[in-house]
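Q: Listed below are the residues making up each chain.
Protein chains: 2
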Amino acid sequence: MKVRVFVSLKEGVLDPQGKAVGHALEALHFKGVKDVRISRVVDLELDTSSVEEAKKEGEAMAHALLANEVIEDFNVEVLS
Amino acid sequence: MKVRVFVSLKEGVLDPQGKAVGHALEALHFKGVKDVRISRVVDLELDTSSVEEAKKEGEAMAHALLANEVIEDFNVEVLS
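These protein sequence lines are chains Z and P, in that order.
full-length UniProt numbering numbers the first residue of the first sequence as 1 and each following residue consecutively.
full-length UniProt numbering numbers the first residue of the second sequence as 1 and each following residue consecutively.
For reference, chain Z alone in the conformation it holds in the complex (with noise of 0.2 angstroms):
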């Protein structure tokens, strides 16, 4: 099964690199960048044939490992 992970700030959390981002697209000269968040995606692939149980891993192991809860927030999906 693969599962995708979703992971991306809070809202109201800063965002350095996306600020990063935004002004080195600026020193480009593109104009009118308004906002630039960044997350990140965590494709896994999963020992498991049940949906269920491959979603039930996803949230595990996001908790344990891939979002930081305290400023993060994370979305799971069975993509196949």
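FYI, nobody ran anything at the bench for these hints, they're computed from the structure.
A hint or two may mislead.
It does not matter which identical chain is used: a pair holds within one copy or between any two.
No more than 25 angstroms apart at the CA atoms, straight line, and that leaves these computed lysine-lysine pairs for PhoX-like [said to hold, decoys possible]:
(1) K19 with K55
(2) K19 with K31
(3) K19 with K2
(4) K56 with K2
(5) K31 with K2
Add chain P to chain Z, keeping to what the hints say.
A: Same frame as chain Z, now just chain P:
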């Protein structure tokens, strides 16, 4: 307009960050993790109201800065 640029490693390119996450998951006793690939998502808020223009702008930004096309693919999606 909100534009999402999804940047992922090309197939066949080694993902050391993904490998490290895979080993860390094993160390945390998660069994059956066969593969881990990590991608990033850049969400841009652009000062334009044209979907076409937003998509073109996002693609230009990906070519210029957001993706390293030697090892990465990207996909641009206009969200709203």
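Q: If a hint holds in the structure, say so; if it does not, say that too.
A: Hint by hint, here is what the structure shows:
Taking identical chains as interchangeable, the C-alpha atoms of K19 and K55 lie at most 25 angstroms apart only when they sit on different chains, with a minimum of 21 angstroms there against 33 angstroms within one chain. Within a single copy, K19 and K31 get their C-alpha atoms as close as 15 angstroms, which meets the 25 angstroms cut-off; across copies the closest is 37 angstroms, which misses it. In this assembly of identical chains, K19 and K2 lie within 25 angstroms of each other by CA distance solely across copies; the values are 16 angstroms between and 32 angstroms within a copy. Only within a single protomer do K56 and K2 lie at most 25 angstroms apart by alpha-carbon distance; the minimum there is 13 angstroms, versus 31 angstroms between protomers.
In this assembly of identical chains, K31 and K2 lie within 25 angstroms of each other by CA distance solely across copies; the values are 15 angstroms between and 38 angstroms within a copy.
Checked against the numbered hints listed earlier, the structure breaks none of them; every hint is satisfied.
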